[in-house]
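> This is what each chain is made of:
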Amino acid sequence: MKTIRTVFMKEVIENFRDRRTLISALLMGPLFGPILFAFVINLSVKQSLDNAEEALDLPVIGAENAPNLMRYLESRNINITDGPESRQAAIDAVSVGEQDVVVVIPEDFGEDFSNMVSATVEVITDQANTQAERQTRRAAGALQAYSQEIAAMRLTIRGVSPTIMRPLNIDEVDVSTPSGRSAILLGMLSYFFIFALLTGGMNLAIDATAGERERGSLEPLLCLPVKRDHLIFGKIFAACLFMAISLSLSLTCFHFTLKFMPLQELGMTPNFGPLVVLLAFLLLVPFALVGASLMTLVASFTKSFKEAQTWVSVVLLAPTMPILIVSILMVRPSTELMFIPSLSQHLLLVGLIKNEPLNLLHVAVSVIGTLVIGGLLTWICARLYRREGLLG
Amino acid sequence: MIEVENLRKSFGDVKAVQGVSFTADDGKITGLLGPNGAGKSTTLRALYTVLKPDSGTAKIDGINVVEDSVAARSRIGTLPHGAGLYPHLTARENIAYYAKLYDMPADKIDGCVQTVIDQLDINDFADRKTKGFSQGQRTKVSLARSLVHGPQNIILDEPSNGLDVMATRSLRELIRQLKRDGKCVLFSSHVMQEVAALCDEIVIIAAGQVALHDTTEGIRKATGCEDLEEAFVRAIQMVEPE
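Which chain is which? The protein sequence lines are Y and S, in order.
Each residue of the first sequence is one higher than the one before, starting from 1130 at the first, in this note's numbering.
Each residue of the second sequence is one higher than the one before, starting from 2 at the first, in this note's numbering.
Some hints here could point you the wrong way.
With a Cα cut of at most 25 Å, we get these calculated DSS-like pairs of lysine-lysine [unchecked claim]:
| id | chain 1 | residue 1 | chain 2 | residue 2 |
| --- | --- | --- | --- | --- |
| 1 | Y | Lys1356 | S | Lys109 |
| 2 | Y | Lys1131 | S | Lys101 |
| 3 | S | Lys109 | Y | Lys1131 |
| 4 | S | Lys16 | Y | Lys1432 |
| 5 | Y | Lys1435 | S | Lys132 |
| 6 | Y | Lys1131 | Y | Lys1356 |
| 7 | Y | Lys1356 | S | Lys60 |
| 8 | S | Lys130 | Y | Lys1435 |
| 9 | S | Lys132 | Y | Lys1432 |
| 10 | Y | Lys1432 | S | Lys29 |
| 11 | Y | Lys1356 | S | Lys101 |
| 12 | S | Lys53 | Y | Lys1356 |
If you want a taste of the chain S side facing chain Y, the calculated C-beta under 8 Å gives, among others [to be verified]:
| id | residue |
| --- | --- |
| 13 | Tyr49 |
| 14 | Pro81 |
| 15 | Ala84 |
| 16 | Leu90 |
| 17 | Lys101 |
| 18 | Tyr103 |
Partial selection, computed: residues in chain S whose CB lies under 7 Å from chain Y [as the list claims (entries may be wrong)]:
| id | residue |
| --- | --- |
| 19 | Leu52 |
| 20 | Ser56 |
| 21 | Gly57 |
| 22 | Gly83 |
Hints were generated in silico from the structure; no laboratory data involved.
Even for Gly, the Cβ is constructed at its ideal location relative to N, Cα and C.
Use the sequences and the hints to build the structure in full.
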């Protein structure tokens, strides 16, 4: 125990003096997430607000054939502009992306309309162009609404109730809470936290193994009358401490920056108060043992600091895999998934942000499962440290 | 006292050490002399238990290095080849770190650290971070930290490598002082003159075997050469590679 503590203290002191470790643990990890997140949120808020409020400029060919329809569209905040000269020109303009959507009203529109034959209105658009999707939907929606209004009017004139046109009344009930909606976007957060945690200990994990070997300080260290297991435990625990510091800074940083993000305007009220920050820390911190031992393990195989850096950076990406797969498949949390480190932390954190009650069984399985896997990796590191080949 | 008997160690096909035996007594300086790649470092590494010998035994004060490696290590102070320091710690902290790992009583550490600092005359830079130290300064600090617990046996792997004349001189004086204190000093070198100037006994190793084990005079007689360098070359040639 004494040896572990001595090694732990020395690694902590030494790394607090190492600018590289400090920058990665106390600056990079904690700040990277909030800044990137604030940027993405602000951008998406701006875009969605712009789109909803702004008047839509809609090029129309043959606007003079349907003056009533044009007035109706203008009442729905759509500016009618002159379209291209011909239908063919409109198709060309849309296909090259010059125009997002063009409406064509044929010359016989008025005649068909007054004869109560279905009058054709063409909406020219490019389905592959995702940018145009919103405008198209708005234009088509407005036309549809006009069509229904006219239909209802015609039925009323004939003494028929317009409700006959709607045998079904479809009413969608959205049960998602504002916190729930925010969870989709805030699900990204768990990766930022895990990333911050890992970067916090990265430099130390490399320095304690590959770095020590490269400087030639490993061999004299192994000549000391101490168990090699204790040396490696001290180093791994020191890396865990830096990871925990980095994680807590990152969480605190988010707690404050989220207030300045216009999340309310997106209909989100993220649940990220001091209690959630504390709970999130407790849920995530067991992952530090997995991260520290995994990085130490990877660095033990490498010959130099540089080589170790390359491989350990891969470890930074590893925890994203389960999170990514689950986000795509939209998997619900289950007890089995709680055995997977990083994934279990992600799912629990999302639940926490959604303001869902914590499933204590899930928490227990996540914490114990993660610690067991971390312990196993630490044990493998200790085994590796007993090898002769360690000195390279 | 260090006893080595019929030590063998191979790395794959390379037979680094092929049956080395010798004894280094207390109160004597024993030099392990041999050309590059003769197996000096491998022998020493087996002694300070970083490498496990394939066969044969090595004992430190009667303790087998394989069977009880922690106890054996506690009886030696080691300066491995090219030993490095922690750049962000001061010289004093580097030494104190080792003192703690040697499990010295907490209240004695500061005193013992100061004693070796005085002994090696490194007060001038004892409280500076070791980043940017010269080779001589680094060697002195490395040596200080391996002597901090007052070990009975001292194993030095090419300690004078990269040292200037003044530093080499003070190193020699230190080794003589250790001898006067009744310690067992074993060091390796590939420079005959250095070994001759310092050692009571010389073990010449070539191709992983002991070519000669004698005093300087004894080696002169055995090889029939007055000139030490000539004697060294002759001794090496006595060994037939297996």
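> Does each hint fit the structure? Answer for all of them.
Here is how each hint holds up against the structure:
no. : hint                  : verdict
1   : Y:Lys1356 - S:Lys109  : holds (23 Å)
2   : Y:Lys1131 - S:Lys101  : holds (9 Å)
3   : S:Lys109 - Y:Lys1131  : holds (16 Å)
4   : S:Lys16 - Y:Lys1432   : holds (24 Å)
5   : Y:Lys1435 - S:Lys132  : holds (19 Å)
6   : Y:Lys1131 - Y:Lys1356 : holds (11 Å)
7   : Y:Lys1356 - S:Lys60   : holds (19 Å)
8   : S:Lys130 - Y:Lys1435  : holds (23 Å)
9   : S:Lys132 - Y:Lys1432  : holds (22 Å)
10  : Y:Lys1432 - S:Lys29   : violated (39 Å)
11  : Y:Lys1356 - S:Lys101  : holds (14 Å)
12  : S:Lys53 - Y:Lys1356   : holds (15 Å)
13  : Tyr49                 : holds (5 Å)
14  : Pro81                 : holds (4 Å)
15  : Ala84                 : holds (5 Å)
16  : Leu90                 : holds (6 Å)
17  : Lys101                : holds (4 Å)
18  : Tyr103                : holds (7 Å)
19  : Leu52                 : holds (6 Å)
20  : Ser56                 : violated (15 Å)
21  : Gly57                 : violated (16 Å)
22  : Gly83                 : holds (5 Å)
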